[in-house]
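For this one, chain A is given, so just place chain B on it according to the hints.
Protein chains: 2
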Amino acid sequence: MAAPKADPAKTVGKLVASPAFKTAVAKLDADYDRTVADIITLTEIPAPPFKEEKRAKAYLEMLKAHGLTNVEMDAEGNVMGVRPGTATKGAGPFVVIAAHLDTVFPEGTDVKVRREGAKLMAPGIGDDTRALATLLAYVRAMDAAGIKTKKDILFVGNVGEEGPGDLRGVRHLFNKGPYKGRISAFFSMDGANPEHIVDQGTGSKRYRVTFSGPGGHSYGAFGIVNPMAAMAKAVTDLYAVEPPKKPKTTYSASVTGGGTSVNSIPHDVFMEFDMRSESAAELAKLDQTLIGILDKAVASENAARSTRAGVVTYQAKVIGERPAGATPETAEISVLTQAAVTALGYKPSREASSTDANIPMSLGIPALTIGAGFLGGRAHALDEWIDIEKAPTVKGMSVGLAALLAVAGAD
Amino acid sequence: MAAPKADPAKTVGKLVASPAFKTAVAKLDADYDRTVADIITLTEIPAPPFKEEKRAKAYLEMLKAHGLTNVEMDAEGNVMGVRPGTATKGAGPFVVIAAHLDTVFPEGTDVKVRREGAKLMAPGIGDDTRALATLLAYVRAMDAAGIKTKKDILFVGNVGEEGPGDLRGVRHLFNKGPYKGRISAFFSMDGANPEHIVDQGTGSKRYRVTFSGPGGHSYGAFGIVNPMAAMAKAVTDLYAVEPPKKPKTTYSASVTGGGTSVNSIPHDVFMEFDMRSESAAELAKLDQTLIGILDKAVASENAARSTRAGVVTYQAKVIGERPAGATPETAEISVLTQAAVTALGYKPSREASSTDANIPMSLGIPALTIGAGFLGGRAHALDEWIDIEKAPTVKGMSVGLAALLAVAGAD
Numbered sequence: 001m002a003a004p005k006a007d008p009a010k011t012v013g014k015l016v017a018s019p020a021f022k023t024a025v026a027k028l029d030a031d032y033d034r035t036v037a038d039i040i041t042l043t044e045i046p047a048p049p050f051k052e053e054k055r056a057k058a059y060l061e062m063l064k065a066h067g068l069t070n071v072e073m074d075a076e077g078n079v080m081g082v083r084p085g086t087a088t089k090g091a092g093p094f095v096v097i098a099a100h101l102d103t104v105f106p107e108g109t110d111v112k113v114r115r116e117g118a119k120l121m122a123p124g125i126g127d128d129t130r131a132l133a134t135l136l137a138y139v140r141a142m143d144a145a146g147i148k149t150k151k152d153i154l155f156v157g158n159v160g161e162e163g164p165g166d167l168r169g170v171r172h173l174f175n176k177g178p179y180k181g182r183i184s185a186f187f188s189m190d191g192a193n194p195e196h197i198v199d200q201g202t203g204s205k206r207y208r209v210t211f212s213g214p215g216g217h218s219y220g221a222f223g224i225v226n227p228m229a230a231m232a233k234a235v236t237d238l239y240a241v242e243p244p245k246k247p248k249t250t251y252s253a254s255v256t257g258g259g260t261s262v263n264s265i266p267h268d269v270f271m272e273f274d275m276r277s278e279s280a281a282e283l284a285k286l287d288q289t290l291i292g293i294l295d296k297a298v299a300s301e302n303a304a305r306s307t308r309a310g311v312v313t314y315q316a317k318v319i320g321e322r323p324a325g326a327t328p329e330t331a332e333i334s335v336l337t338q339a340a341v342t343a344l345g346y347k348p349s350r351e352a353s354s355t356d357a358n359i360p361m362s363l364g365i366p367a368l369t370i371g372a373g374f375l376g377g378r379a380h381a382l383d384e385w386i387d388i389e390k391a392p393t394v395k396g397m398s399v400g401l402a403a404l405l406a407v408a409g410a411d
Numbered sequence: 001m002a003a004p005k006a007d008p009a010k011t012v013g014k015l016v017a018s019p020a021f022k023t024a025v026a027k028l029d030a031d032y033d034r035t036v037a038d039i040i041t042l043t044e045i046p047a048p049p050f051k052e053e054k055r056a057k058a059y060l061e062m063l064k065a066h067g068l069t070n071v072e073m074d075a076e077g078n079v080m081g082v083r084p085g086t087a088t089k090g091a092g093p094f095v096v097i098a099a100h101l102d103t104v105f106p107e108g109t110d111v112k113v114r115r116e117g118a119k120l121m122a123p124g125i126g127d128d129t130r131a132l133a134t135l136l137a138y139v140r141a142m143d144a145a146g147i148k149t150k151k152d153i154l155f156v157g158n159v160g161e162e163g164p165g166d167l168r169g170v171r172h173l174f175n176k177g178p179y180k181g182r183i184s185a186f187f188s189m190d191g192a193n194p195e196h197i198v199d200q201g202t203g204s205k206r207y208r209v210t211f212s213g214p215g216g217h218s219y220g221a222f223g224i225v226n227p228m229a230a231m232a233k234a235v236t237d238l239y240a241v242e243p244p245k246k247p248k249t250t251y252s253a254s255v256t257g258g259g260t261s262v263n264s265i266p267h268d269v270f271m272e273f274d275m276r277s278e279s280a281a282e283l284a285k286l287d288q289t290l291i292g293i294l295d296k297a298v299a300s301e302n303a304a305r306s307t308r309a310g311v312v313t314y315q316a317k318v319i320g321e322r323p324a325g326a327t328p329e330t331a332e333i334s335v336l337t338q339a340a341v342t343a344l345g346y347k348p349s350r351e352a353s354s355t356d357a358n359i360p361m362s363l364g365i366p367a368l369t370i371g372a373g374f375l376g377g378r379a380h381a382l383d384e385w386i387d388i389e390k391a392p393t394v395k396g397m398s399v400g401l402a403a404l405l406a407v408a409g410a411d
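So the protein lines, in turn, are chains A and B. The opening position of the first sequence corresponds to residue 1 in UniProt numbering, with each subsequent residue numbered one higher. The opening position of the second sequence corresponds to residue 1 in UniProt numbering, with each subsequent residue numbered one higher.
Just chain A, same shape as in the assembly:
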């Protein structure tokens, strides 16, 4: 993570001004209809969480057709292929550029793409299908311009970025898959805006906490412990916690349910609880506070009312965990990516978010999440859209290409 030796602005300026880069961008432009066609093809293959396989297989074939080597699907369902560098010749370490295959939309969602002027609309089209097609366009552009990189580049279409997937694809890539321990830098291409550089990975931990008790008739069994009273005390105590504003740390009691009828003391009630922090340490601290509060709430309920029919207990099930992390502003990947944004006429903006880059960030591996093009909106909504106006989109796409080439070292 040492700062690069050469002046990064100069390095990137030289790269962007090179005839090869101009040829590559010209190819992005010349090939643009194909990129749009790929976006549509991939968007119209549904890829709900945990059901990305069909789209993954299609993308695998596309990676093969683009001449990458070692094209494969790993055990988690990620698909990937290598564009070997001149220095490491496919032996690694690898610079990864990834886009996620999954969408938030359940099976049965109509994913037919509609066109309205310069807008394409369909669930998942911007988040993150456009990026999948953009990665392919990069391969074609580099090939057309005869660009070789020093380092090996691994192109990845990964599973499990969205909510319930809990970053399982990238987690596998770094912790278990064939590239474990062999990745030196990581880009996730996710979102639209080419100015946004996510270098802070907001960590999160999510629980479903179920409080259980003996239950009974509301009148006949009055006086026995009630799991809803224990849950209420827990929420009340949690909402007295004041987490730090910096690093930003938050929580939310978000979803609740339980009980069977108004005239019954419930057997079970639950709440879902979300915690996030820019700091792994603060997140861990909040997590400990939560567990302490849950313990105390249950003990307090068992002390306050009769346990003759049984006690109240709780079970806290982790339903999501995204490690916090950050890539320093001074890291080579950060410096070069900011320089690429600037060199192409944009104003870089550092962002905090929870993305696939959280995983490498939490492992201390240089990682950023960057935008795939130009404009888009309504992510996670049925009327999700992207703007495909050619000139600004190709310009936006060129940012990622410049950052990738700068980090992988254009030869």
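Quick caveat, the hints were computed from the structure, so don't treat them as lab data. Ideal Cβ positions, reconstructed from N, Cα and C, are used throughout, including at glycine. Do not rely on the hints blindly, as some may be mistaken.
[What the hints assert, rightly or not] With a straight-line cut-off of 35 Å between C-alpha atoms, the simulated DSBU-like cross-links for lysine-lysine are:
hint, chain 1, residue 1, chain 2, residue 2
1, B, LYS245, A, LYS296
2, B, LYS395, A, LYS317
3, A, LYS296, B, LYS51
[Stated by the list, open to error] Computed list of chain B residues with no C-beta within reach of chain A, every gap over 10 Å:
hint, residue
4, VAL25
5, ILE40
6, LYS51
7, MET73
8, GLY108
9, ARG182
10, ALA229
11, ASP274
12, GLY345
For chain B alone, coordinates are given in the frame of chain A:
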């Protein structure tokens, strides 16, 4: 409600020992197969809450066939008919004996009666269909024995006793129907055990309380008010309330729900809250305490967190209200009914429950709920059953007949 002039034990002893009463009981016995057939016929006509009409119409025809006068269905759906007395000749006031038409079971429940030895099993068969058939058996028995009563008797099959019905049938009978202000004593026949005399009507009030707020992203909008925090404070404060043990007063936070996703501060959450008391005054006091706690919980949440996106509010919707009441142990109806239980060889047991008799009790009209026969169980369950062994059942049935005749004054 003055005590009767004559010694009630003597009066009832004389009644039970009379040849006419013996003839009537002999008719209950001789006619028993018909009573069982009526139980089966009525049980197999589904009568979910608010959908009692088909069964009500069938019962109306049965009341007509039994020679009652002024047989009618009132505006609420209760069906009824008069057996005029010798003194009042149908002009009233009336002694009412009622059984409820409704069951707790939803539409589509299989209500086919199965027989296992001396047991008949079907949803609703004991609660309260057997009592409907028992009322008809009483008419036949009185007719067979030539028994006239001094007072008019109104036989009623009423709607809306179970949970969501909230006693709407009997409420209408006393507050709006054609017999409003004309009922001097009320029996509800509900339950099996001939020893049980419900003379205390547990009152209840039930709320669905919805807490609403602006909602927002769990991370982005952290710091704004959360309706779940307000609800938790309300439940916590409610569970610090210690209601009196005598008169027994209870509460229960029973059902909860709300929220859409773990990463969203919820817009709406709700809880259902049940309150009961043997005392109308204590119930009203608890109700006031609840409202105070809800007000305070919402105010406290709006003070504790930002209301920049909106405030938290609550709406408390009454989803059930059964007035508390009691019939004094010294009331004529109580004294005579206890004497009838004793005269027939049982040991009377005074009970508190929430039944159709709550309504007249709350109005100061002498009222009891009594059993319809012998054994039964699993009320409100799909395997509900009654025991129809003839001898003990006929004996159990004779208790209600004796009580009714004692109160209506056998001529």
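Going down the list of hints, with the structure as the test:
About 28 Å separates the Cα atoms of LYS245/B and LYS296/A, which keeps this hinted pair within 35 Å; it holds. Proposed proximity of LYS395/B and LYS317/A is contradicted: the alpha carbons are some 57 Å apart, above 35 Å. This hinted pair does not check out: LYS296/A and LYS51/B have alpha carbons roughly 47 Å apart, beyond 35 Å. With 10 Å as the threshold on Cβ separation, the claim that VAL25/B sits away from chain A holds: the shortest Cβ distance comes to roughly 35 Å.
For ILE40/B, the condition that its CB be more than 10 Å from all CB atoms of chain A holds, with the nearest at approximately 29 Å. Every CB of chain A lies more than 10 Å from the CB of LYS51/B, the least distance being 19 Å, so the non-interface label holds. The beta carbon of MET73/B sits about 29 Å from the closest Cβ of chain A, which is more than 10 Å, so the claim that it is off the interface holds. With a closest Cβ-Cβ approach of about 19 Å to chain A, GLY108/B is found to remain outside the 10 Å limit, as its non-interface label requires.
Here ARG182/B stays apart from chain A, with its beta-carbon at least about 32 Å from theirs, past the 10 Å limit. Its beta-carbon lying about 4 Å from the closest one in chain A, ALA229/B breaks the requirement of being farther than 10 Å from that chain. Not every CB of chain A lies more than 10 Å from the CB of ASP274/B, the least distance being 4 Å, so the non-interface label is violated. With a cut of 10 Å on Cβ distances, GLY345/B stays outside the contact zone with chain A, its closest approach being about 29 Å.
When held up to the earlier numbered hints, the structure conflicts with 2, 3, 10 and 11 and fits the remainder.
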